[in-house]
Structure formats: C-alpha cells, structure tokens
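A.B. asks: Chains as they are written, first to last, in this note's numbering: chain A, 31 to 190; chain B, 617 to 795.
Treat the hints loosely; a few may be bogus.
[Unchecked claim] Straight-line C-alpha distance at most 20 Å; calculated SDA-like pairs for lysine to any residue: (1) A:Lys111 <-> A:Met163; (2) A:Lys190 <-> B:Gln707; (3) A:Lys190 <-> B:Ile704; (4) B:Lys696 <-> A:Met179; (5) A:Lys189 <-> B:His699; (6) A:Lys190 <-> B:Asp706; (7) B:Lys702 <-> A:Pro164; (8) A:Lys189 <-> B:Asp706; (9) A:Lys71 <-> A:Glu45; (10) A:Lys174 <-> B:Ser729; (11) B:Lys696 <-> A:Trp139; (12) A:Lys63 <-> A:Gly78; (13) B:Lys696 <-> A:Thr58; (14) B:Lys702 <-> A:Thr100; (15) A:Lys63 <-> A:Asn36; (16) A:Lys190 <-> B:Phe775; (17) B:Lys696 <-> A:Val90; (18) B:Lys703 <-> A:Glu165; (19) A:Lys71 <-> A:Asn97; (20) B:Lys696 <-> A:Gly78; (21) B:Lys702 <-> A:Pro188; (22) A:Lys189 <-> B:Tyr730; (23) B:Lys702 <-> A:Met163; (24) A:Lys174 <-> B:Asp743; (25) B:Lys702 <-> A:Ala184; (26) B:Lys696 <-> A:Met161; (27) A:Lys71 <-> A:Thr58; (28) A:Lys38 <-> A:Tyr72; (29) B:Lys696 <-> A:Glu168; (30) B:Lys696 <-> A:Pro164; (31) B:Lys696 <-> A:Phe167; (32) A:Lys60 <-> A:Glu109; (33) A:Lys190 <-> B:His699; (34) A:Lys190 <-> B:Thr723; (35) A:Lys189 <-> B:Val633; (36) A:Lys38 <-> A:Lys60; (37) A:Lys190 <-> B:Gly724; (38) A:Lys154 <-> A:Leu178; (39) B:Lys696 <-> A:Glu37.
By construction, these hints were calculated from the structure, which means they are not laboratory data.
Now for the letters of each chain:
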Amino acid sequence: MKELLNEKLTKQFPEIHFEVIEQFDELTFKFDKSAVVPVCKYLKETDGLKFNLCEDVTAVDWATRKNRFTVVYHLFSMENKFRLCLKVDVDESECSVESVSSVWRAANWPEREAYDMYGITFLKHPDLRRMYMPEEFEYYPLRKEYPLMGIPGAVPLPKK
Amino acid sequence: MGLESKLTNDGFFTTTVDALAAWARENSVWPMPMGISCCAIEMMASGDPKYDISRFGSEVMRFTPRQCDLMIVAGTVTYKMAHVVKKIYDQMPEPKWVIAMGACTSTGGMYRSYNVVQGIDQFLPVDVYAAGCPPRPENLLNALMQIQDKIGKTRVKDFPDVPQAGFESKQNELFLSKN
Chain A
31 MKELLNEKLT
41 KQFPEIHFEV
51 IEQFDELTFK
61 FDKSAVVPVC
71 KYLKETDGLK
81 FNLCEDVTAV
91 DWATRKNRFT
101 VVYHLFSMEN
111 KFRLCLKVDV
121 DESECSVESV
131 SSVWRAANWP
141 EREAYDMYGI
151 TFLKHPDLRR
161 MYMPEEFEYY
171 PLRKEYPLMG
181 IPGAVPLPKK
Chain B
617 MGLESKLTND
627 GFFTTTVDAL
637 AAWARENSVW
647 PMPMGISCCA
657 IEMMASGDPK
667 YDISRFGSEV
677 MRFTPRQCDL
687 MIVAGTVTYK
697 MAHVVKKIYD
707 QMPEPKWVIA
717 MGACTSTGGM
727 YRSYNVVQGI
737 DQFLPVDVYA
747 AGCPPRPENL
757 LNALMQIQDK
767 IGKTRVKDFP
777 DVPQAGFESK
787 QNELFLSKN
C-alpha cells in the first residue's frame, strides 16, 4: 500500500514534494498546505485508494518552531482497511488552510474544533464557528501560551 | 406511634404555624436533579430501593425547576454550563436550597483547568457540600439530612423578602403619611 500510494501521488502531483514518515505502524505524508484539497479529493475518489473515512482533523502547536502549527488529517480506507495520516505545516503569520469539508462532510466539526482550540482558520468552511468555547471567547486555549487555569474573566460567570 | 400518643391525651397540641410549616417543609423536600455528569449516577442510585431517598420524603425528583425546593448539582460545571445551572436555579420558587454534590461541583475537583468552574459557590448560594468523587448514596442522604435540619430551623424571619409581622401596619402608616 505504501508503494502504491507513493507512486500514485507522485505521478498525479509531480510538482509537490511528499515527505514520507513511518512511525507507530502508521504511514504519514507531509506536504505543502496549498495542495490539501486536491490531494484529499484524489485520495478519496481514486479507485484502489478510496480513503472514504475522515476520522479526525486536528492540529499540533510547536510553540517556537518556524512553521508553528501542523494540521493533521487521519484518514481510513474502508475498502483497503488501511489507515493514513496527512500533515501540513501552517505558520502563525498566515494561519489558515483550506477546508476539506467539501471532500468529507465529516471534517466539518473536527475543523471547527481545531479552529476553536488553535485559531487556525479553515478557508471556505461552510460554518466556521467555535465548537466548545462560548462564542464571545477571545482566546485559543490549546495554544501553548494560554495558561492552564485560563485568563480570569475570559469567560464570564453568572452573577451571584 | 408518636402522633397518636400525643393526640390521645387531650386531642390537641399547640405549636406555631411557623414551626409546623418548617416541619412539613423539612419532610417533603422536592429535589431538582441537576445531574450533569457521573455524580448523577450515584444520585439515581440514592433513589433506588436499596438506598431509598423516599424515606426522607424526597423521592419526587421533578424535572421542572418550578416544582422544586432543593437543587442537587451533581457533576462538573463548566463555565458554559454555569449559565444554564443559574438559569434553572432562578426558576425555582423561594424558599430554595442547594447541595453541591461531589468534588467537581464543590471545588472543581480533578479538573484544575480553564474551562471548569472551581466551585459552584462562585455563582450559587450553596447550603451543603457533599464530599466524594462521586459521593456514595449514603453521603448524599447525609447531605439531605443536613438540609432537613437546616430547613427545620428556618422561620419566617429568615426570609427577608417575605412580609414580616407588623408589615401591614407599617404600610398603613406610609399610606396615611402620604395622604
């Protein structure tokens, strides 16, 4: 499956560099964020691949690294019973990546969650609102600089 | 039997309306089961035949706040949920009491985090805290008994919002002085 994926992807997207990482018995492709939607669409719709289940979309905050965030996609192919991970780097200065909810509708809420927790904007998302925190909340709580106990008064309590 | 033996003497006994009302109120506390997380399971267990909260006259768990005297807040209250809890509390008729059941509700418990209220006493007047994670049904019953003690001791003077004795004459004075 690894060889097949590598061959098909490099053939389909010759201008994009795919970094192949293998760890924890899972295959990961790391590539530039500009190609997220075409690659995902290709992985979902091509015969023999059919990654038809988007299990999760989440992010990692590396705090001091140049490309601060990594957006992670966990995909599963029901047909091949194969799990794949995609990673794209996102910098804080341009903190956005195109939404894959047009490819998998299941990506809608995980992307909202990633937006809520890390402040990464998912472009062309149909309904990019906060998932867990209140609408008027101004911070992104899973970013490394956010204090564990929160910022006093960030979420108002009802009056006694 | 307690009551009959009293009645056989002269057929009556004397008390105050205040004390009688407190006694009646004490023995039919209707709880509002504000079950938010795992403590609610123990709260349900305290209603089953083994622990039987109806021994204390509190088996009528009402799922509308408008018929309740006691709110049992059972579970982790997040900042987002706090507004809901407060809204429900505000709908309960006076007089009303609150049990903070379990560690999370009382202090935030193991959730020392930005999203959990570190104790519901920050926005609700709590009468009894039940310790435990979650507290066993016996512990909840103990909390209920403490609430009953408290209710039994309350008198009209403890409710500042209620018109007190002599209120009417004061109002008459006010009326007369205006005219």
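A.B. asks: Of the hints stated earlier, which fail here?
C.D. replies: Structure breaks hints 1, 12, 13, 14, 17, 19, 20, 24, 32, 35, 38, 39.
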